[in-house]
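Enquirer: Chain by chain, the residues:
Protein chains: 2
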Amino acid sequence: MANTEQQLVYRFSEGNATMGPLLGNKGAHLSEMTSMGIPVPPGFIITTEVCKVFYDNDLQLPDDLWNTIVQHVHELEQTSGKLFGSGNNPLTVSVRSGAPVSMPGMMETILNLGLNDTTVVGLAEKMNDQRPALDAYRRFVQGFSNIVKGVESNLFEKTLASHRKQVGVEFDFELTPEDLTYIIKKFREILVKETGEDLPQDPWDQLRQGIGAVFSSWNIPRAISYREYNGIPHHIGTGSVVMAMAFGNLGETSGTGVLFTRNPSTGTNELFGEYLPNAQGEDVVAGIRTPYPISWLEKNMPETYQEIGQAAKTLELHYKDAQDVEFTVEQGKLYILQTRSAKRTPIAAVKIAVEMVEEGMINQEDSLLRINPEDISQVLFPRFTDEAKENAISNNQLIATGLNASPGAATGKAYFNADRAESAANQGEIVILVRPETSPDDIHGILPSAGLLTLRGGITSHAAVVTRGTGKPCVVGCEDISFDETTETISRGNHRVKEGDPISIDGNTGEVFVGALEQIHPSIEENKELNILLGWSDKYRKLGVRGNADTPEDTQKAIELGAEGVGLCRTEHMFFDPERIPQIQSVLINAAEAQRLQDLLEKTTSNQSNEASVLTEIENSVAFRLYNEALAALEEYQTEDFRGILDVSEGRPITIRLLDAPLHEFLPKIEDIQNEIQALKASGDKETLALKEELLNLVDTLNESNPMLGHRGCRLGITFPSIYDMQMRAILKASASLIKQGKTVRPEIMIPLAGHVNELSFIKERVRSISRSVEEEFGISVPFKFGTMIEVPRAAETADEMAEEAEFFSFGSNDLTQMTFAFSRDDAERKFLQHYQKKEILPANPFATLDRAVGKIMARATREGRETNPKLSVGICGEHGGDPQSVEMCHNMAVDYVSASPFRIPVARLAAAQATLKSKKL
Amino acid sequence: MANTEQQLVYRFSEGNATMGPLLGNKGAHLSEMTSMGIPVPPGFIITTEVCKVFYDNDLQLPDDLWNTIVQHVHELEQTSGKLFGSGNNPLTVSVRSGAPVSMPGMMETILNLGLNDTTVVGLAEKMNDQRPALDAYRRFVQGFSNIVKGVESNLFEKTLASHRKQVGVEFDFELTPEDLTYIIKKFREILVKETGEDLPQDPWDQLRQGIGAVFSSWNIPRAISYREYNGIPHHIGTGSVVMAMAFGNLGETSGTGVLFTRNPSTGTNELFGEYLPNAQGEDVVAGIRTPYPISWLEKNMPETYQEIGQAAKTLELHYKDAQDVEFTVEQGKLYILQTRSAKRTPIAAVKIAVEMVEEGMINQEDSLLRINPEDISQVLFPRFTDEAKENAISNNQLIATGLNASPGAATGKAYFNADRAESAANQGEIVILVRPETSPDDIHGILPSAGLLTLRGGITSHAAVVTRGTGKPCVVGCEDISFDETTETISRGNHRVKEGDPISIDGNTGEVFVGALEQIHPSIEENKELNILLGWSDKYRKLGVRGNADTPEDTQKAIELGAEGVGLCRTEHMFFDPERIPQIQSVLINAAEAQRLQDLLEKTTSNQSNEASVLTEIENSVAFRLYNEALAALEEYQTEDFRGILDVSEGRPITIRLLDAPLHEFLPKIEDIQNEIQALKASGDKETLALKEELLNLVDTLNESNPMLGHRGCRLGITFPSIYDMQMRAILKASASLIKQGKTVRPEIMIPLAGHVNELSFIKERVRSISRSVEEEFGISVPFKFGTMIEVPRAAETADEMAEEAEFFSFGSNDLTQMTFAFSRDDAERKFLQHYQKKEILPANPFATLDRAVGKIMARATREGRETNPKLSVGICGEHGGDPQSVEMCHNMAVDYVSASPFRIPVARLAAAQATLKSKKL
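Respectively, the protein sequence lines represent chains A and B.
Quick note: the first sequence, position 691, residue 691 per the working numbering, numbers continuous.
Quick note: the second sequence, position 412, residue 412 per the working numbering, numbers continuous.
Bound-form chain A, shown alone (with noise of 0.2 Å):
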C-alpha cells in the first residue's frame, strides 16, 4: 500500500531507465529518452504503486491524487503552449498503460483523450483540416465508449460498416467531415442507449474516468491470462501515461512508425520497419491499410529518415541491444513515443548477441547473460513458420492444446496404430503417431514418426521421455480430443481425422493442428553465431554436460553437440526390439524357479550329498534350462549394444544405467493376452497357448498397487542377480575387446533405485567377480566406475554411507521429484499439479524445473557423499539436466556435471555457463 509520503506522480524529466518497478517499463524509457534529448511529447507518469492502492481500495483512486495530476496536466499546458479543455489549440492526451514487464496489447490505451464539442473545433482549426480532427474525436468517442464504459466495440465498427457502404467508400479516411459528424452523432447515441449517460463534455472528467479505466485494464481477462502464461506476478500493477498527443494524421509530412535497429528475425544488421504516412498508430495495428517498408521514408523523408535512424542508433547504443522504437512524425516533426529492448526470434537473438561483441558493442560475458537458453533449443528444433500458424489458427484448423512435451515441429499423416504407422514409415510416408496413451510396446512405432500425438500422459511421461529423446515433437494430455474406437478416428467438436489423414503437431505450443503447415528445419553447423556463442559457453562454464543416449547413433548426436560424455544410458530400451521381447519373456517368466534352484546351489556346496541331488534337480529343470539360454541371448545382444556406443565414444565416460524398469514393462497388457489365449484355444496351438497362458499367470503376479514405489530397479538385480550379472558381464566384455583392438573406454556402471548401502555392497561384490573373470578371459586390465542413482530419499539421506560403496552419484531427479513430493508424475500433472501452479500453491512445475527443497536435498547428498569420498564424483542425469533454471541450481550445489538430453546439451552449456558468470558477480 502506498503512503502518503511517496511520489505517485513523476514527470518524464524525473525518471529514468532503472525506474521500471515503479514507472513501468513505458514510462521508465519515456523517462530515460526524455533525459537523452530523444524528441519525445510532453508527459507524465502515474506510479505502479497507485494501481496497488486503487485495488487494495475497491477501484478508487486515492483521494491526494487528483489535485497532484491537475498540477501536472497545467504544466503540460505550460510545456506545449497548448490548453486543455480549450477552443482554441486544445491540449488532447493519451494515457496509456504500461507496467514493469511489457505485455504488448494486453492491456488498454486511449488516445485523443480531451476532446468535446469545442475543442474538436479547436483542434480543426489548428490542423488546418477538419477531416482529422473528426476523425480523432470519432475514434475518441469509440475508444472511451468501450474502454471507460464497456460498450462493444462492434457495435460502432458495425455502424460505420453500414454508413461506408451508404456513402459507397472503402476505407474511413475516405469519410467526409460531414459522414463523420454524423457517425459521432450515431456513436454518442450508441453509448446513451448502451449506459445511459452521453460522453462527457468535461475534459477533466475524462481523464478522470481515462485513468481509472486503464488501471482497471490491469485486471482484464487477456491480461490475467497473459501473465499466468508469462509467469509475471499479479501483484505488481500497472503505471499509467498521460502525454500529449503527437499527430501523425495531418496531411503528407505527417505519419506514424515502427523501426527495429536489427532485423528482429534474422538478427541482421540493418534498419527495419514500417511507415504509414497521414495515420495515427492505430491505422498500423488494425491492419486496414498496408503500410510501407521503412526505406519509403528514405527515398520521400531522407532528412527525417535520418533523424529517425539516428535516435534509433542512438538508443541502442545506450541501451547496449536491439529496439524497437514507435514513432510519430507531425508535420515533419519526430515524436519518439516509445522505446523497448526489440522482440525477436531466437536466431536472431543468438546473431544480435554475437555481433554485438565483435562490433565491440558488449563483452562476451553481456553477450552470454542476454541469450534465454531455452531459445537455443527453439533455434534447433524444426518449426513452423509465424505465417503458417496465423494462417492456419485463422482457418480454423487448430483442433486442440496439450502439453508440449517435446520441442519441434511436424506435419505427417496420423497413425493410430504403432504397427500400422511403423509399415507406413518404411513405405516412405512421413508419419504421426497418434495413441489414446502409449507404452513401450509403441517404441517401434515411435521412432520411425516424425512425431508423437498422445491424449493421455503427462510431458515426463514414458512417450513424452523417449520421444524427447530422440528429438522429435511431442504432445502429449491433448484431452479434449477423443479417440473413437470403432471408427477409427480422432475428433473435436467438428473437427474429425481418420487415419492417414495430414495433422501437424507443434511441440514448442502443444498447439495440434489438422492439415500440414509449412515448416523451417535450422541446422546447428550452419549458424556460425551459434557456435560462437557456446564456445564462449565452454569457455565460461564450471560445470560439465553430458548427455543422455541409449545408442550410438544418440551418443555420435551428443557428441556433436557438445557433451563431454553419455551421463545416462538407459539399458530397457535395448530390450524392445521385437527379436528380444521373447528372450526377456523367457527370462522373466522362467526367473523365480531358475534363482531358486541357483540359490540352493549357492547354499547347498559345502554340503556333499545335497549338492548331488541340487544339480540333478538343476539338469531336469527345464525352466532352469530356458533361462539361462535366454539369458545368453541377451548378454550377447547386450555386448554388441555397449560395443556399439562405447565405441563412437572415444574414451569419453558412458554411464550405463542397469535395468530399471519394473518387469511387467516388458509384458503385454492382460486384456491382450487374454484376447489371444481366447484366439488360440480356438486354433488349437497348444504349444503357443501354453506359452501364452505362463505370460499372463506371470502379468497377474508382478501387479502391483504402486509401480512406481514397486519391485523394480535394484531391488529386482537383488531378487534375480542373473539379470544384472548378465548386463555388468556384457559391459565388461565389450570393454575388454575394444580395449584389445586398442581403443579407450570409460565405462561406468551405474544402479537405478538403490535406497541403502547394502543394495550396493550387494552388487558391487558381484561386479568385481564378474569383473575378475572376464579380466582372466581376455587377459587385460578392465578398469570400469562403479555407481549409483540417487533418486530414492533415503540414499540422499544417507549418501555418506553410500558413497563407501560408489564412485559416483547421479542424481535421478525426476524420481528423486515424485518421491520427495509423494507425486506420481503422470497422475499429479494430470489431477492437480495445473491446479496447484494456478492457485499459486507451487511456484512451478518441479518436474520441469527443479524444486528448492529437492535442490537442498541434492545439495546436501553431494556434501555428505564428498565427505566420505572426496573423490565422488557427481552428475544429474534427470530431465532437469537441460532446465536453465535447474543447471543453474546444479552450479551453484557444486555438481560435477549434468546430463541432458542431445537437443537440450547446446541449452545446458549456455545455461551452465550463465550460472558460473551470475554467481560470479553476487
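Hints are computed from structural coordinates only; laboratory data are not their basis.
Predicted model only: the values in this text are computed from it and were never measured.
Treat the hints with caution; some may be incorrect.
To be verified - Only part of the chain A face toward chain B is listed, based on derived beta-carbon distances under 8 Å: (1) Glu704; (2) His711; (3) Leu842; (4) Asn845.
What the hints assert, rightly or not - BS3-like, lysine-lysine: derived pairs with alpha carbons at most 25 Å apart: (5) Lys692(B) - Lys681(B); (6) Lys839(B) - Lys764(A); (7) Lys838(A) - Lys692(B); (8) Lys839(A) - Lys764(B); (9) Lys764(A) - Lys838(B); (10) Lys686(A) - Lys669(A); (11) Lys52(A) - Lys839(A); (12) Lys871(A) - Lys539(A); (13) Lys669(A) - Lys871(B); (14) Lys528(B) - Lys343(B); (15) Lys299(A) - Lys320(A); (16) Lys343(B) - Lys856(A).
What the hints assert, rightly or not - Just some of the chain A residues that point at chain B, by a computed CB distance under 7 Å: (17) Gly710; (18) Thr719; (19) Asn758; (20) Glu759; (21) Thr798; (22) Ala822; (23) His835.
We treat Cβ as the ideally placed atom computed from N, Cα and C, and that holds for glycine.
We have chain A; now place chain B onto it with these hints.
Expert: Chain B alone, transformed into the frame defined by chain A:
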C-alpha cells in the same frame, strides 16, 4: 578368526557370568555357579571363538586345541578321582552346546561319552547295578550314531520298540541287562550298516568326534531357522561344554529334575518344578514317564529338597532374577547342571518384576528395564493356551502361518464375505472374516467379526490397520491358503474349510488352525502388577503417549489404557457407514461441476453483471444442489462424530486428521458397478441406472497409476475445498456446542499429505474464516490448534517453513517410510522385503521398526521446526508409535509424544520409560 595367543579352553573355575559371548550362556553360568560354591560337576568349556575357527577352517578344530583338551580331561580325572577309558571307576562326560544367546533344544548334546565295552563294566561295578550302566551305554550308542554319524534316530527307536514288544514290557526301564546287551549289539549293527564303521571304542576318539558334532550342530536347519526367527546373528557361534556325568539313574536315592524359583506361568513366588527319581534328564524331556511335582521331594527327600531349594534361592538372589535350574541327584548327592533366567509368560514376567521390587531385591528402574515391552501387549490380548496349541499342532490342525498383523487369538466360524459375516454376527455367531484381500468396503464385515484372516496383504495393509485399531486379532498374507470361488472354500493340502466351519487364528504368531482352540482373556484392570508397572513407567518416562482412535468407544478405551489424548483421529472410517456412502458418492459425482461454479462465483464477485449470470447458472445446476445437500448432510453426521469423541476426551487434546484417503476408496470396484449396470439395464430402473453410470464414469476418472502418490489428502482438500471446509466447520461446531455446556475441549485440526507450506496457508486461511463464523454463530470463542502431518519427505525437508503455519507436527511414519524408501508397503512386503531381510540387506522391516535414516529425517525436521516455532508440539502417529524400538528412537529425537493404537498404549508407556532409563545410563 582366533589368534594363537587366545585361550581356547576355560575351566569352570576360570569363567564367570559376564563371559557369555566367549563361553556361551551355559558355560558362563556353570562357571559363575562354581565360584559361588554351588555344587556343579567339574568341567571345562571350549569357547565360541573355536566354533568360529571351526567354520572358517572347513569344519576342522584348530590343531593346537586337542592337547589342551586332553590336559583338561586329565584335570577332570584328578578332581573326580575317575579315569577316562578305565575299566575301573571310569570317567564319563557330557558334551553340551551353549550359545551366547539361549537357543533351548535347537542344538545337540551328547551324554555318557566315554563308555565302551570295557568302561561300561567298570561303571556297572561302581553303580553296583548293571542295568543303569547298560542303559547309559545304549543311550550313548544311539546318541553318538545319530548326532555324530547322522544315522536316523527312528531306526533305533523301531528296534527298541520291537524288542519291548518281543519281551512283553512297556517301558525301557523294565528291560533287563540281557535285553539291553542285546539291544546295544543291534544298535551297533545298525551303525555299521549305515556308515560302514562301528562305535569307536577309544574314548578320546569319541570325545574328538563328539566336540566336532556339537560345533556342527550350530548350523543344523532348526538352529538356523531359530536364529532367523529370533534375529540372532549367525556369526556368534556356540561354546561346547565338557562336564563330568552325574547319574540320576542309580536307584531310589538318585533322580533328576527342573526347578523354577517362581511359577513361570503365573509369576507366583513359589518353588515350581518337576522331579523324576531314578532317571536321567532325557527321560523327563522324552515324556515317557510322568515326573512328580517338586513337592514329591519335600515329602520323600526333605534334606535334598531343602538343599536344592536353598541353592535355587541363592541363585535367584545372586542373579536378581527368577531362575530355571536343572539338577541331578546321584545317590543323595545334589549336582546343579544348569541355571538360567527362567522363561516366563508375559503375565509372570510382570508379576515377578513388580514383586521383586516389593521384596527389595531390585529397584523400580531395573524392574522397568526387565520387561520386554512387546510382552505387555500379550498380557492384554486374548490368547490360546499353550496346551491347546500344542494339541492342535500334534492333531495336524495347523494349516498355515501368515503374517501376525494384530495380536490376540480368536476362534469363530469362517465367513468369506463381509455381508454374510455381518448378518451371522448379528445373529449372535462368533465370526472370523476370511477374505482373499480386503477393501474398505468390507469394514462392516470386519467390525462385528472376532478376527480377520486375509490371504494377501501385509501387516500394515488397510485391513490390518483397521483390525489392529479394534484390538482384534488379524492374520494377513497367508498366501499358502487358496480360495476357491466356485466351491466357496479355502484349502491347503488336505485341509478344506467351508463357510461356517470353525477356525482359529493366532494374531501373535500368524498361525491359522482348523477347529476351535481354548483361549484365555486377560484383563488389564485385574492385573494389579501391570498397573503398578505402568504407573512406574509414567513416573519415569519423558515422552507423552496418546492413542489412535476414530470413535468415542476407542477414545474411551485409549484413555483407560493410559493415553493422554488422541494423537490420530482418522475421519475416513466415519464415512463407510452405509447411510453415508451415498452422500459421499453424491459429493464426489458432483464435485467437479459444483466446485467450478463455486470458483466462478468467488472470482466474479467484483463484477456485477457476471455475478448475476453465475448465480443463475448455480440456481439451475442440479449438480450444485445435490453436492451441497450431500455436504450439509455429511456436516451433520460429522458434527455428531466429533461431539462424541471430544465429549469423552474430557479436555485431553484430540488430533483430528482431515480426509486423507484417495476418493476411489469410497467407490465400488469397477467390475461390481459394471455388473450392477448390466442387471439394471435388464430391470429397467432408469434412475438408478443413470446414477450407476455416473458412478462408473467417476471410478474411471479417479483411476490412478500410483494411488499412494496420488490425488488424496490435502491435495483433495485444496482442489475441492468444500469437503475440508465441511469437516473443519463440523469440528468447530461440535467444540462450540460442548463449550457452551461448560465442557473443556482441545481439538487439533491436522492436515494430511502436505508437502509445501502454501498448502497449509491455503487451508489455514479458510479455517480462520470458518472459525470466525462459528464463533459468531455460537457467541463464544473456540480455541483450536492447526497443524500438519509430516509424511511427505518434502514436508520434512522444509520443516522450518511448515512450522510457520503449523502449531504442531505429527509424523506419519508409515507414509514417510514408504516415500523415503520408495517402497509401496503392500507390494514391498509381498515382493521383496522378506528377501531383503533374509539377505540382511535390511536389518529389519522398516514398517515395523523405524528405519535409522527415516529417524534421522524426523529428528532434523523436529529440530528445524522448533527453530522456527519454539512452541511447536511434535508427535508421531504412524504404526511405529507402538513399537518399543521406535519409541526409544522417538524419545532420543525429543518429540513430545507418540500415538499408538489403543492396545499398544501400555507397550508405548513402558518403552518410553525404558528409553528414559537407557539414555540416563549412557
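Enquirer: Look at each hint and say if it fits the structure.
Expert: Hint check results:
Evaluation of the Glu704(A) hint against chain B yields a held restraint, the C-beta minimum of about 5 Å falling below 8 Å. A hinted interface residue such as His711(A) counts as satisfied when its beta carbon comes closer than 8 Å to some beta carbon of chain B; here the least separation is about 4 Å, so the hint holds. Taking 8 Å as the C-beta cut-off, the interface hint given for Leu842(A) holds, the closest approach to chain B being about 6 Å. Violation of the interface hint for Asn845(A) is found here, the shortest Cβ-Cβ separation to chain B being roughly 13 Å, above the 8 Å cut-off.
Annotation: proposed proximity of Lys692(B) to Lys681(B) holds, straight-line Cα distance about 11 Å (limit 25 Å). Straight-line distance between C-alpha atoms of Lys839(B) and Lys764(A) comes to about 15 Å, which keeps the hinted pair within the 25 Å bound. Taking the CA atoms of Lys838(A) and Lys692(B), the gap is near 33 Å; set against the 25 Å cutoff, the hint is violated. With a C-alpha separation of about 15 Å, the suggested pairing of Lys839(A) with Lys764(B) holds against the 25 Å cut-off.
Simply put, Lys764(A) and Lys838(B) have alpha-carbon atoms about 19 Å apart, close enough for the 25 Å limit, and the pair holds. Proximity of Lys686(A) to Lys669(A) is assessed by CA-CA distance (about 21 Å); at most 25 Å being required, the pair is judged to hold. About 20 Å separates the Cα atoms of Lys52(A) and Lys839(A), which keeps this hinted pair within 25 Å; it holds. For the hint linking Lys871(A) to Lys539(A), the alpha-carbon distance of about 24 Å falls within 25 Å, and the restraint holds.
With a C-alpha separation of about 54 Å, the suggested pair Lys669(A) and Lys871(B) falls outside the 25 Å cut-off, and the hint is violated. A distance of roughly 21 Å separates the Cα atoms of Lys528(B) and Lys343(B); the hinted pair therefore holds under the 25 Å criterion. Straight-line distance between C-alpha atoms of Lys299(A) and Lys320(A) comes to about 28 Å, which puts the hinted pair past the 25 Å bound. Pair hint Lys343(B) plus Lys856(A) does not hold up; C-alpha atoms about 51 Å apart against a cutoff of 25 Å.
Against a cut-off of 7 Å between C-beta atoms, the interface hint on Gly710(A) holds, since the closest Cβ of chain B lies about 5 Å away. Annotation: Thr719(A) was flagged as interfacial toward chain B, and the flag holds, the nearest CB pair being 5 Å apart, inside 7 Å. A distance limit of 7 Å between C-beta atoms decides the matter here; for Asn758(A) the minimum to chain B is near 4 Å, and the interface restraint holds. A cut of 7 Å between beta carbons decides the hint on Glu759(A): the least distance to chain B is about 6 Å, and the hint holds.
Annotation: interface hint on Thr798(A) holds; nearest CB of chain B at approximately 5 Å, less than 7 Å. Annotation: interface hint on Ala822(A) holds; nearest CB of chain B at approximately 4 Å, less than 7 Å. With a least beta-carbon distance of about 5 Å to chain B, the hint placing His835(A) at the interface is held under the 7 Å criterion.
The structure fails hints 4, 7, 13, 15 and 16 (numbered hints given earlier, in ascending order).
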